[in-house]
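Visitor: These are the residues of each chain, in order.
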Amino acid sequence: MTEQSAGPGYAAGNGLLDRRFFLKTAVAGGAGLLSAAVAGKEREAWMRVPGAGMSESGAPSRHTAHIRRVGVSSKPGTVGSGVSRTPLEHLDGIITPSRLHFERHHSGIPDIDPGRHRLYLSGLVERPLRFSVDALLRYPQVSRIQFLECAGNSGALIAPQPRQQSCGELHGLISASEWGGVPLALLLDEAGVKPGAAWVIADGADAAMMSRSVPLAKMLDDAIVAVSQNGEPLRPANGYPMRLFLPGWEGNMSVKWLRSLRVTAAPAMTKDETSKYSDLKADGRADLFTFPMAVKSVITSPSPGLRLGPRGLYQLSGIAWSGAGRIRRVEVSADGGKSWAEADLDEHVLPKCLTRFRAAWDWDGGPAVLMSRAVDDTGSLQPDRAGVLAGRAPNAFYHYNGIQVWAVSADGEVSNVYA
Amino acid sequence: MCTPDLRGLLCLLLAAAAFAEDAPHLGEPLSAAEVEAIDFTVLPDGSGLPPGSGDARAGREVYRAHCQACHGEDGQGGINDVLVGGRGSLDGPAPLQTVGSYWPYATTLFGYLWRAMPYNAPGSLDNDELYAVTAYVLFLNDIVAEDELIDARSLAAVVMPNRDRFDHAWPPR
Chain A
1 MTEQSAGPGY AAGNGLLDRR FFLKTAVAGG AGLLSAAVAG KEREAWMRVP GAGMSESGAP
61 SRHTAHIRRV GVSSKPGTVG SGVSRTPLEH LDGIITPSRL HFERHHSGIP DIDPGRHRLY
121 LSGLVERPLR FSVDALLRYP QVSRIQFLEC AGNSGALIAP QPRQQSCGEL HGLISASEWG
181 GVPLALLLDE AGVKPGAAWV IADGADAAMM SRSVPLAKML DDAIVAVSQN GEPLRPANGY
241 PMRLFLPGWE GNMSVKWLRS LRVTAAPAMT KDETSKYSDL KADGRADLFT FPMAVKSVIT
301 SPSPGLRLGP RGLYQLSGIA WSGAGRIRRV EVSADGGKSW AEADLDEHVL PKCLTRFRAA
361 WDWDGGPAVL MSRAVDDTGS LQPDRAGVLA GRAPNAFYHY NGIQVWAVSA DGEVSNVYA
Chain B
1 MCTPDLRGLL CLLLAAAAFA EDAPHLGEPL SAAEVEAIDF TVLPDGSGLP PGSGDARAGR
61 EVYRAHCQAC HGEDGQGGIN DVLVGGRGSL DGPAPLQTVG SYWPYATTLF GYLWRAMPYN
121 APGSLDNDEL YAVTAYVLFL NDIVAEDELI DARSLAAVVM PNRDRFDHAW PPR
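If you read the protein sequences in the order shown, they are chains A and B.
Position 250 of the first sequence, counted from 1, bears residue number 250 in our numbering, the numbering being contiguous throughout.
Position 87 of the second sequence, counted from 1, bears residue number 87 in our numbering, the numbering being contiguous throughout.
What the hints contain is simulated information worked out from the structure, not anything from laboratory work.
Take the hints with a grain of salt, since some may be wrong.
As the list claims (entries may be wrong) - Some but not every residue of chain A turned toward chain B, in silico, with C-beta under 8 Å:
hint	residue
1	PRO76
2	TYR120
3	ARG127
4	ARG262
5	SER275
6	GLY284
Glycine included, C-beta positions come from ideal geometry on N, C-alpha and C.
Excised from the complex, chain A in its bound form:
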């Protein structure tokens, strides 16, 4: 952190305040609200009649019903081979509402009958097994709050000119949920892994039978067969009745609608781990098996489409995450990276999860350039865009984790720029 142009009371240049600024001023703000409430004795219309009754399933306020997934698109000639993205700019905290969790499907969402679905475990095991959904639900479960990020998230940032899209459209292939399920290690132990086993080929019960090879070590470490998300059974778009969940690794490997696990000595080199989800380099060679998602952050507010009002105090807010572990620190800049201030992290700083960061910013009404950069607990620092692109082929868009730069104009518009 540098203090290059910060004045008295400021943590970094161009108006960034101490990260505890809002905490210090919260009491005075609360008192102000209270006095306003007792000053008048008026009733709004909704305070004059009883409100609506209970219902069996909730829905967002009609005033926030516009908060929906964004960037919904599908390959030509298909309706179910594509993506939808989480509207990050409209969300706070670290948990993504299930209805807004991003989607990436390869042949649509299957309509699975849980009574007929089976999980098969075969290959290099002593006892090939099958599990019904009911049987699986009787196993000891664990739950963890963790992110899921598509390897292709933020891929638009490789474009030669910055695309003018919202934060969700650019970076919304990331979501976080409380995932509950059965540790894979339990099922593999029951089947008895044979010597020589090193990989597990997972496939789904969608029409593409999407399949990936997963190292056995990951399966035995922290992989689960997830059956619940945010306290309810998985939704069809997230793999009902069961999915693989591999914390911190590229989302494509967390195979949805999990039906088969085949233990092998070698990877299968499936289409989705060779022709896709591989990383072409400038010299024409390519990397396979780049599994963990690297340290990353983005300011979600303000961001394109969220126009600033009058000059004055604003809260910068965003998310940071790393597939390697916890977020150690997030820094923000309002002067295009000339100086940085440490952001405040919300209470929940969990491994392989989104961490919410916030910073107080006294906007002087002039042009500003906002950035955030994260460090994880392995010491990895989020690189800038040039650092990510160095050595890559010009079309290599997977695993983009560069620093996002938002330009704020004097009229409060926020745009995507390259520093």
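Please build the complex by placing chain B on the supplied structure of chain A, with the hints as guidance.
Guide: Okay, now just chain B, sitting in the frame of chain A:
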């Protein structure tokens, strides 16, 4: 795989075994015939490939009926993924990653078609048709001859042009 990896795996297996004492053991035995019926895993050495065969001549008809609408005549110019061409482009300004220019293993092509294609009716082609259309896409990429019979054995023996240009990031060094 080097020794530290094996030691790590052993530790994980032992830890899993300790945890598993509480598990209800509700997995039902899966017979060899059942495994055969449900498993679509194809490995680069050809294991998992089913019986059957076909050549590019037969594959051309399959391709025209089931693939061309999305992938274009001769594997190019369609609305979806380009299957043919791009050789020599990977280190240039406009890399074109196709079956011919990029895919490391021919077995991957059969495995993918077997699982997922044709898009609107996966599972509708028989094994001979799948081998034939696999042969046709390889023929279009100048990898096999038009009359070369492709089956489990010959497919696993195909050496893809780009096979040796991949680096493995796992296991981590």
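Visitor: Decide, hint by hint, whether the structure agrees.
Guide: Results of checking the hints against the structure:
Interface hint at PRO76/A: satisfied, since its Cβ lies 4 Å from the closest Cβ of chain B, which is below the 8 Å cut-off. Checking TYR120/A against chain B: minimum C-beta separation of about 5 Å stays under 8 Å; hint holds. Interface restraint check for ARG127/A: the shortest CB-CB distance to chain B comes to about 7 Å, inside 8 Å, so the restraint holds. At a threshold of 8 Å, the smallest CB-CB gap from ARG262/A to chain B is about 5 Å, leaving the interface hint in force.
Because the smallest distance between the Cβ of SER275/A and any Cβ of chain B comes to about 5 Å, under 8 Å, the interface hint for this residue holds. Given the 8 Å rule on beta carbons, the hint for GLY284/A holds: about 3 Å separates it from the nearest Cβ of chain B.
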